[in-house]
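A.B. asks: Just so you know, the protein sequences line up as chains A and B, in that order.
Counting in the numbering used here, the first sequence runs from 1 upward without gaps.
Counting in the numbering used here, the second sequence runs from 1001 upward without gaps.
Any given hint could turn out to be false.
[Said to hold, decoys possible] Computed list of lysine-lysine pairs in DSSO-like fashion (alpha-carbon distance at most 30 Å, straight line): (1) K11/A x K1085/B; (2) K1100/B x K1085/B; (3) K1071/B x K221/A; (4) K1100/B x K11/A; (5) K68/A x K1100/B; (6) K221/A x K11/A; (7) K221/A x K1066/B.
Just so you know, the hints here were simulated from the structure itself, not pulled from any lab data.
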Amino acid sequence: MEAMDVDRALKRPGEYFFEDGLWEITVGLWMALTVALPLLVGGAAGNWSPVVVLLTSLGLRPVVLAAKGRWVYPRTGRVTYPDPEEVPPTEISLGLSPASAPVVVPVSRGRTWGRPVVIGLAAALIMGTGAGVSSRLGFWDAGGHLMIGAFVGSCLLVAAWRWRQRRWFALAVTLALLATVMASSGMDRRRALAFHAAGIACALVVSGTVAFVSYRRRAPKAPIDPDGR
Amino acid sequence: MAGDLRDVVSVDRVLHEPARLVLVALLYPVEDAGFLFLLRESGLTRGNLSSHLAKLEEAGYVVVAKGYQGKVPHTDYRLTGDGRKAFRSYRDQMQRALEKLPR
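The shape of chain A in the complex, shown without the other chains:
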């Protein structure tokens, strides 16, 4: 048996949720379809609707779990994650937020209400600082892109450290560079936002696909009776 400490064993199911890349592929495609595409093909105001984005985001988790059931679990084993609202805070601290993925900012209910408040405050702080700096430097229009880059990049950095997904460090740097390029592109606001969303979606899909292909190579198909009992 390879050495595995208890703390690592407690965190492994959380890491397992993300390591096949299906989460990134799903979120990337969802973002392309609900944000980038409506903005690119829409009229002057764009056909982008935050309500549609929020409502469709509720379907992401079932889609990811169905994809895992089809392509991942037959190879490396099933894991059922508890619903986010059923996870008591003590167990979340042991590494169970993947239960709430793929919603990037987990929304919790009941006793875990403190978590969205902390995440909201951190987001406000990062966005506020970004807006303040960009305003002071005289490129307020570009500030939105920088704020998006700072927020998404920071979330990815924290998640990369928390769930030991090294590829997300590269993804965070890519998204920060993309934000800088979009901020200095000089495009009109709607087109720039559309290209920014498309860029984030592409980066997520590419990162997820690379992870998924590499996962399939590492994990050969299990025998017909994987339990061997």
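Use these hints to put chain B onto chain A, whose structure you have.
C.D. replies: Chain B alone, transformed into the frame defined by chain A:
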């Protein structure tokens, strides 16, 4: 016997075995997990894993559910309430026992 020592002596023998402790730690944060997942993550052989899981089942710490995904059979393991309680209690006991250990 001092209270601290009594704590060490009364530690749960089922969980004190390293392989079983890792299995319980893998099951603790999830609702249930399949045999294949536990096999890959623990690094145990099939026979060893089956035997450790049987001991945990015997102690009432895990329950087994067999099912099919399409035509493929699978066996899932779920930590019971007693299993969760035993794991927390074992962790507390060991922390108390080891924190006074000189470095």
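A.B. asks: All hints, please: hold or fail.
C.D. replies: Going through the hints against the structure:
no. : hint              : result
1   : K11/A x K1085/B   : 19 Å, holds
2   : K1100/B x K1085/B : 24 Å, holds
3   : K1071/B x K221/A  : 15 Å, holds
4   : K1100/B x K11/A   : 26 Å, holds
5   : K68/A x K1100/B   : 45 Å, violated
6   : K221/A x K11/A    : 24 Å, holds
7   : K221/A x K1066/B  : 20 Å, holds
Hint check: a violation occurs at hint 5 only; the rest are consistent with the structure.
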